[in-house]
Amino acid sequence: MTEAARDQNPTGRPAEGDEPPLAAASTKEPMVVITGVNKHFGDLHVLRDIDLTVGRGEVVVVLGPSGSGKSTLCRTINRLEAYESGSITIDGKTLPDEGKALAQLRADVGMVFQSFNLFAHKTILENVTLGPMKVRKKSKAEAEAKARELLARVGVTTQADKYPAQLSGGQQQRVAIARSLAMEPKVMLFDEPTSALDPEMVNEVLDVMTSLARSGMTMIVVTHEMGFARRAADRVVFMADGEIVEVATPATFFTSPRSNRAKDFLGKILSH
Amino acid sequence: MGELFASYNILGAFGLTILLAVFSAIGSLLIGTVVAIMRVSPIDFLNKVGAFYVNIVRNTPLTLIIVFCNIGFIVNLGMSFTNDIARNNIIWAIIGLSFYHAAFVCEALRSGVNTVPVGQAEAARSIGLTFSQSLSEVLLPQAFRGAITPLGNTLIALTKNTTVATAIGVAEISGLMKEMMEFRADLIIVIFLLVAIGFVILTLPIGILTTRLSTKLAVKR
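Protein sequence lines correspond, in order, to chains A and B.
For what it's worth, the numbering used here labels the leading residue of the first sequence as 1, then goes sequentially.
For what it's worth, the numbering used here labels the leading residue of the second sequence as 1, then goes sequentially.
Rather than coming from a laboratory, the hints here were simulated on the basis of the structure.
Honestly, I wouldn't trust all of these hints.
Mimicking DSSO-like on lysine-lysine, the simulated pairs with C-alpha atoms at most 27 angstroms apart in a straight line are [to be verified]:
1. B:K48 - A:K134
2. B:K216 - A:K162
3. B:K48 - A:K122
4. B:K48 - A:K100
5. A:K137 - B:K178
6. A:K186 - A:K134
7. A:K138 - A:K93
8. A:K162 - B:K220
9. A:K134 - A:K162
10. A:K140 - B:K48
11. A:K186 - A:K138
12. A:K140 - A:K100
13. A:K100 - A:K138
Please model the entire structure based on the sequences and the hints provided.
Set out below in structure tokens:
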């Protein structure tokens, strides 16, 4: 099976970290700890007793069919969605309910959205400097120097004075990543970052994410990009119907999924 | 027409109209913004206070409010800013006009807030901005741009509504018009046209300016 062959060596390069097994995660210092989280949308039980621990520097990719609750889980971690029971801690700190404490915690959690959500009335540079200046109280000069460095890192240096609408989707998403990185977050959340992109722009964003993963950033990525999951993930979390069904290394998950739902899901997306 | 200008202080009366309009515009924009913030805030109590304010004030006739400013606040409660009766009435007229139009400014701004996609607020919160920072840095700047046209409508209405101040003896242009018509019945049509054209000259630029601004400052998405 060609799929399996690619799984063994997805990039053609010698696989790095051949065994980032489950055990590896638990030996790492925990960064995000989700315990017994439940959430309903009306009658719909969208998150059922979610338990998940993500270690410092770990990259976790969350997969699953639409409606499985993976985006909701991602948004719950920085409390863009409230949850009813359970707890979430980030770097040992429990997520506060509202107010200044929550704002401060969110500053440590980068979030990249499906629809980019760059501030439409601000230039690219202003988008990246806003958080550092208002939240981290950095000087304008310092924030701009850092912003230009980050824009260079994501490859949109020449666009700094333009407005978001003047950039392509891929460029906007890379700026959104730079905007999050400018806050020097402890963990980055990606909520389907490439789903709204034209196909030819997906890779430029995934490349930035892959290099970010290699740089040791703690990342939780909700995506349908199986290539990225294989290439960059330490662990794959498979969700269905609001539950975590399976947690495995990418190699294990893609070659020998245990649950029927995972087999079914992979069958649907990998068969073509 | 020359004799009209010679015997009546038409420009002075229009000046007072402009003064009422400018100060009431500033007042209503400030109060309206505060009420709009209350109505979009996550605090339920403030929402209700804001909604209550808008629904009471917006649905009360302006004449009633202006007359109440005089009879209620000045005469009955003795709340005067100065001993100069004319000035006192002007100040209370500005207060009445400001609070009345604030309800409309609030609703114009709220329609502007609705032009801002939810994702903008989510992005603002997710980089750690507090509620007030999200408002002042992200939501309101975009809401104001989306609200320019309805705000322009409100300002035009406000300019014309200053004529209601005549009910409490503020000597703005409509009061003078009544006086002129009484004494110069031969010139009624001229007087009417003069005042009407005067208002068009005052309000037309507001419309032109807000239309220009709304296209120029439109947030491209």
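Hints and how they fare:
no. : hint            : verdict
1   : B:K48 - A:K134  : violated, 30 angstroms
2   : B:K216 - A:K162 : holds, 16 angstroms
3   : B:K48 - A:K122  : violated, 32 angstroms
4   : B:K48 - A:K100  : holds, 23 angstroms
5   : A:K137 - B:K178 : violated, 60 angstroms
6   : A:K186 - A:K134 : holds, 18 angstroms
7   : A:K138 - A:K93  : holds, 24 angstroms
8   : A:K162 - B:K220 : holds, 12 angstroms
9   : A:K134 - A:K162 : holds, 21 angstroms
10  : A:K140 - B:K48  : violated, 39 angstroms
11  : A:K186 - A:K138 : holds, 18 angstroms
12  : A:K140 - A:K100 : holds, 23 angstroms
13  : A:K100 - A:K138 : holds, 18 angstroms
The structure does not agree with the numbered hints 1, 3, 5 and 10 stated previously, though it agrees with the rest.
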